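Start from the sequences, fold in the hints, and give me the full structure.
Everything in the sequence shown is counted per the UniProt record's numbering, starting at 1 for the first residue and increasing by one.
Please keep in mind that the hints were generated in silico from the structure rather than gathered at the bench.
It should be emphasised that the depicted structure is a prediction, and the values quoted were computed from it without experimental measurement.
A portion of the hints provided could be inaccurate.
Said to hold, decoys possible - So the derived label-pair ranges between C-beta atoms look like this:
hint	residue 1	residue 2	range
1	63	21	14 to 22 Å
2	100	67	34 to 42 Å
3	10	73	34 to 42 Å
4	3	70	18 to 26 Å
5	10	72	19 to 27 Å
6	97	22	17 to 25 Å
7	59	8	38 to 46 Å
8	49	93	32 to 40 Å
9	21	60	36 to 44 Å
Stated by the list, open to error - In silico lysine to aspartate or glutamate, EDC-like type, Cα no more than 16 Å apart, as pairs:
hint	residue 1	residue 2
10	67	77
11	7	96
12	97	35
13	46	77
14	97	5
15	7	31
16	46	35
17	74	55
18	7	49
Where is the CB? At the ideal position from N, CA and C, for every residue including glycine.
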Amino acid sequence: MSEIEIKPCPCCGAQLPFQHITFNCVVLRCDCGLEIRNGAAQTMYKRDELPKELEPYSYEPTGLVIKNGDTEIKYPEHGYIGVNAIAALKHSGALDKWNRRV
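Next up, the structure:
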């Protein structure tokens with residue numbers, strides 16, 4: 001598995017300038033307010049929908065419980081597999097935009 005680099009925030013220097021906005025989405029948005037347009041990425045996939053290039057960065061989300069109304073669906077019944085947030089941003093193309101900035 002190769003190392004993927006994310007540059008720190010140019011405004012405040014935060015080393016991990018991204019936020020999870022839902023259980024399966026991450027955005028390039030720093031706590032200081034700086035964000036990149038169209039900087040979102042999917043971090044959870046159904047097991048059979050996981051892109052091949054993200055397989056080395058995947059993990060079993062054993063603590064994930066999905067609520068559907070009053071029903072709780074626990075691992076492994078929900079069938080989701082997680083992906084490292086930085087790898088997901090790289091896969092979406094957003095990380096390359098973030099790292100290219102002046």
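Evaluation of the provided hints:
1. 63 / 21: 14 to 22 Å: Once the Cβ atoms are compared, 19 Å apart, the range 14 to 22 Å for residue 21 and residue 63 holds.
2. 100 / 67: 34 to 42 Å: Since residue 100 and residue 67 have Cβ atoms about 39 Å apart, the given range 34 to 42 Å holds.
3. 10 / 73: 34 to 42 Å: holds (41 Å)
4. 3 / 70: 18 to 26 Å: violated (43 Å)
5. 10 / 72: 19 to 27 Å: violated (42 Å)
6. 97 / 22: 17 to 25 Å: Distance hint for residue 97, residue 22 holds at roughly 21 Å.
7. 59 / 8: 38 to 46 Å: violated (24 Å)
8. 49 / 93: 32 to 40 Å: violated (18 Å)
9. 21 / 60: 36 to 44 Å: violated (22 Å)
10. 67 / 77: holds (12 Å)
11. 7 / 96: holds (10 Å)
12. 97 / 35: holds (11 Å)
13. 46 / 77: Satisfied, since the Cα-Cα distance of roughly 11 Å is no more than 16 Å.
14. 97 / 5: holds (12 Å)
15. 7 / 31: Judged against 16 Å, a Cα distance of about 15 Å means the pair holds.
16. 46 / 35: violated (28 Å)
17. 74 / 55: violated (22 Å)
18. 7 / 49: Measuring from Cα to Cα gives roughly 29 Å; hence the hint is violated.
Hint compliance for this structure: hints 4, 5, 7, 8, 9, 16, 17 and 18 are broken, all remaining hints hold.
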